[in-house]
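Chains as they are written, first to last, in the working numbering: chain A, 1 to 563; chain B, 1 to 298.
Heads up, some of the hints might be wrong.
SDA-like mimics (lysine to any residue), calculated; alpha carbons at most 25 Å apart, straight line [claimed, not checked]: (1) A:K208 x B:R121; (2) B:K117 x A:N414; (3) A:K349 x B:F192; (4) A:K184 x B:F192; (5) A:K356 x B:N261.
Keep in mind that the hints were calculated from the coordinates and are not lab data. If you're wondering where the values come from, they're calculated on a predicted model, not measured in any experiment.
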Amino acid sequence: MPMQRPERTAMLADPLAEPRGKDGRAPDVFRPGGWVPMRQYRESEPVDFLIVGTGAGGGTLACRLAEAGFSVVGLDAGPWFRPLDDFASDEAEQSKLYWTDDRISTGANPLQLGSNNSGKAVGGSTVHFAMVSLRFRPEWFRARTLLGYGADWPIDWREMWSYYAEVEQALKIAGPISYPWGPKRPRYPYRAHELNAAALALAEGCEKLGVAWSETPLATLSAPRGLAHPCVYRGFCVTGCSTNAKQSALVTWIPHAVAAGAELRDLSMAGRIEVDAAGRAVGVHYFREDAWHFQQARNVVVAGYAIETPRLLLNSTTDRYPDGLANSSGLVGRYLTVQANQAAWGLSKREIRSYKGPPSLALTEHWNYDDRKDFFGGYCYMSQGPLPQLWANTLATARGLWGAPLMEAMENYNHQVGLKIVGEMMPQANNRVTLADDKDQYGLPIARVEYAWCDNDRRLIDHALDFMTQALQAIDASDIWQQTDDTCHINGTARMGIDPRTSVVDADCRSWDIPNLWICDGSVFPTVGGVNPSLTIQAIACRTANRIRALAARGELERRAHV
Amino acid sequence: MTASRQALQSMLDQLDALQIEADRCAATVRAARRLNRGSALLAASVLMDSAVEHYRGNFTNRAMYTPLLISVLTLAISAHGTTDRRPASHRVRHGIAVAAAATGLAGTAFHIRNVLKRPGRLDWQNLFYGAPVGAPMAILLAGLLGSAAEWVRDTPNHMPPRLFGIPAGRALAALSGLGLLCTSGEAALLHFRGAFHNRAMFAPVTLPPIGAALLLNAAVAPKCRERWLTRVWLQLIMLMGLTGVGFHAWGIHRAMGGWRNWSQNVVDGPPLPAPPSFTGLALAGLAALGLLRDHEDA
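Let the hints inform the model, and build the full structure from the sequences given.
See the structure below:
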C-alpha cells in the first residue's frame with residue numbers, strides 16, 4: 001500500500017481554488033511544488049503601474065517596467081499554474097486554461113470563444129498558444145497608404161523590427177537559418193525543430209505548387225535553457241506544455257518580473273477602474289478571495305485582450321465618462337478583428353501521426369507577400385496536428401459525422417493531414433464588443449461580442465481554401481474536405497492611431513483621454529495582418545515599456561506634453 | 001692489434017646496425033599497434049553511435065545494420081592487431097579494414113541520398129535532422145587507420161614505412177589531421193543545431209582544428225624531432241574526447257526526466273559515444289608523430 005504523503009497533497013492544492021501569489025511568495029514554475037519570494041505592495045500605497053492582465057501584453061510590460069525600476073502590481077483573473085505539476089496530457093482537463101466565463105456571441109458569423117482566442121491564467125493565452133512567432137509584413141504597418149485597406153499604424157516597421165528582435169531573443173525563438181519572406185532579420189537564437197510528417201507534407205505541397213515554405217519560428221526550445229527543458233515533441237502544446245519548453249509568458253516574462261520586484265496577484269478579477277474628479281485613474285477594484293479590494297496606482301494598464309479590455313473600460317463608467325473610459329472617440333469595443341482559421345484536410349497514404357511535435361512546424365507566408373490576388377490582406381497557412389478529442393469534435397461539428405461514420409473516420413487519424421490558415425480579416429466598426437444586461441459570477445455585466453464577415457473576408461477564405469486544396473491534391477491526398485468556419489485571435493477593440501478622434505490610444509499605448517491609463521495587448525491593433533499576433537503584442541509591450549521610461553525621464557508621465 | 005681492434009669495431013658496428021634494425025622494426029610494430037588502438041576507438045564509437053541512431057531510425061533499411069557488423073569486426077581486428085607483435089601484415093585483418101573503409105564510403109552515399117530525397121534537399125533542416133552526412137566518415141577513418149596499421153607493420157626491415165608512396169608518418173599525420181577537421185566539422189554542425197547553448201560546446205570546434213593544423217604542418221614541414229606542442233595538443237584532444245562523454249551525459253540530464261528517463265533521453269539527447277571519435281583520431285595523430293620521430297626519413 002503506498003503511503004499517503006500529506007505534504008505532497010498540500011503542494012498540489014488546487015490552483016483554481018486558492019491564490020498562490022500571496023504572503024510574499026509566488027509559485028516557482030520550474031520546480032515541482034517550489035516557491036520563489038515575491039515582493040508585496042500595500043493596497044493603500046499607490047504603485048507606479050497597476051497592470052490588469054498578465055499575458056503577452058501585460059506579462060511582458062510588467063517584466064520590462066519592473067526591470068526599469070518601477071513599482072508594479074499585476075492582476076490576473078486566472079490561476080497561477082506550475083506546468084510541471086498542474087498540466088496533464090488530457091485535453092478535457094486542460095480546458096481549465098481557457099476563458100469560458102459567460103459571454104454572448106452573436107452577429108452574422110458569431111465567434112466561437114474559448115480555446116482559440118482566450119486564456120484565463122497567469123501568462124494569459126500564451127500558456128496554450130501554438131507558439132507561432134511571426135513578424136508582420138512591413139507594409140502592414142501602413143496598410144491604408146501602401147496597400148489600400150484598413151488603417152495605418154502609428155509606428156514605423158523599422159522600429160518594430162528591433163523590438164521583434166528583442167522579443168525573439170527573450171523567448172529564444174527556434175527558427176530557420178534564413179527566412180524566405182520580408183526584409184532581413186537577425187539569426188533566430190535557437191535552431192528550428194525537426195519537421196514532423198505533417199510539416200513535410202506541407203513542404204512537399206508547396207514545392208509541387210512552386211511556392212516557398214519554411215520552418216515555422218516557434219517559441220519552444222530546441223535546446224536547454226536555464227531550468228527549462230528542450231521540447232520533447234509531446235504534442236500537447238495548445239493544451240499547455242508540461243515540460244516548460246514552451247516559452248510562454250508564464251515561464252519567461254513573469255518569473256523575470258517577479259525577480260525584478262513586481263507583485264502579481266492571481267485569481268484576481270478586475271471589475272472597475274476608479275477615476276478621480278480630475279479625470280485621472282487612481283486604481284482598480286478587483287475581486288479576490290471572496291471580497292472586493294481596491295489597489296491604488298499612479299498608472300493603470302489594461303491588458304485583458306480584445307474582449308475583456310473593452311469590457312473593463314466600458315464597465316468603468318463615471319459621470320464624467322458615461323460611455324466608459326478612454327472612449328471619447330466612441331471606438332472602445334469597435335473594430336474587433338479576428339483572423340480567419342479555415343482548413344483543408346485529407347488522407348495521406350503514408351502514416352502522418354500529425355500529433356507528434358508542435359502542431360505548426362512548417363508554414364508558407366507566400367500569400368502574405370504576393371499581391372497578385374483578388375482580395376485585400378493576406379494569409380499564411382501551417383501544418384496541423386489536432387489532438388484526438390479536438391479532431392473528433394472537428395469531424396462531428398465541421399464535417400457532420402456521427403455514429404459509425406465518425407468511428408470509421410477516427411480510424412484514419414494517423415493518416416490525417418491538414419493545412420490551416422491564419423488569415424487577415426478586415427477591420428469593421430460594426431464588429432464590436434458591448435455590454436450585455438446579464439451578469440457574470442462577479443456580478444459584472446458580461447461582454448456581448450458581435451461579428452460578421454465582409455465580402456473581402458469571404459474572398460480571402462475562398463482563395464485560401466482553394467489553394468490549400470490544390471496543395472493537398474499535389475501530394476496525392478485523398479478524401480479532401482474543407483473546414484469553412486473557424487476563426488482565431490482577437491484584436492482591435494482599442495485601436496492605436498495618430499488622431500484622438502479615430503483611435504483610442506496613441507503609439508505608446510497611452511489613452512488619448514486619460515493620460516495615466518494605458519492599454520497594452522492585441523486590442524490596440526488597427527489591422528491584424530496574416531500572421532499570429534503574439535510576437536507583435538510582445539514587441540508592442542517592449543516598445544511601450546521603453547517609451548514609458550523615456551516619458552518618465554522627461555517628466556511626462558504625469559501629464560501629456562502638448563503637441 | 002689495430003686489425004683486431006678494427007675487427008671488433010666492425011662487429012660492434014654490425015651489432016649497432018642490428019640494434020637499429022630491431023628498433024626500427026619495433027617502431028613500425030609499435031606504430032601499427034597504436035594505429036590499431038585508434039581504429040578500435042573509432043570503431044567502438046561507430047558501433048555505439050550507429051546502434052543508437054539506427055535504432056532511432058527503426059532500421060527502416062536493412063543496410064542500416066552494416067555499420068554495426070563492420071564496426072564489431074573492426075573492433076575484433078584492432079584487438080587482434082594490438083596484441084600481435086609480429087612485424088608482418090595479416091591478410092584477414094587487412095581485408096576487414098578495407099571493407100570498413102568501403103562501408104564508410106557507401107554509408108556516406110546512403111546518407112547523402114537520404115538528405116537529397118527529403119523536401120528542401122540540401123538545406124539546414126536536412127543537414128541537422130536528416131541522416132548525418134559526416135557520420136559514416138568515422139568508420140571510413142577506422143578502416144583507413146586499420147589498413148595503415150597493416151601497411152606500416154608490413155614494412156621490410158631496411159625500408160622506411162610508406163603509405164600510398166608517401167612516408168608513412170607524414171601520410172598518417174595528414175590523414176588524422178583531415179579526420180580531426182572533418183569530425184570537428186560534424187561537431188560544429190550539430191552544436192550549431194544546439195545553438196551552442198553551453199560554452200563547452202565550443203571546445204570540439206576550436207581545439208581539433210588547431211590540432212589538425214599542427215598535424216598537417218607535421219605532414220609537410222621539414223623533419224623535426226621534437227614536436228612537443230603537437231603532442232601536447234593531441235593529448236589535450238584525447239582528454240577532450242573523453243570529457244565530452246561527461247558533458248553529453250550532463251546534456252541527457254538536462255532533458256525532460258533526465259537520466260530517470262534514460263531510455264528516451266539517451267536516444268534523443270546528445271550522443272554519448274560521439275566525442276571519443278576525437279580521442280581515436282588524436283591517438284592516430286600521436287602514432288603518426290611516433291613514426292615521424294622513430295623514422296627520421298619517414
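Here is what the structure says about each hint:
Simply put, K208 (chain A) and R121 (chain B) have alpha-carbon atoms about 14 Å apart, close enough for the 25 Å limit, and the pair holds. Among the hinted pairs, K117 (chain B) with N414 (chain A) is consistent with the structure: their alpha-carbon atoms are about 23 Å apart, no more than 25 Å. Straight-line distance between C-alpha atoms of K349 (chain A) and F192 (chain B) comes to about 35 Å, which puts the hinted pair past the 25 Å bound. Annotation: proposed proximity of K184 (chain A) to F192 (chain B) holds, straight-line Cα distance about 20 Å (limit 25 Å).
Distance restraint check for K356 (chain A) and N261 (chain B): the Cα-Cα separation of roughly 19 Å lies within the 25 Å cut-off, and the hinted pair is therefore satisfied.
When held up to the earlier numbered hints, the structure conflicts with hint 3 and nothing else.
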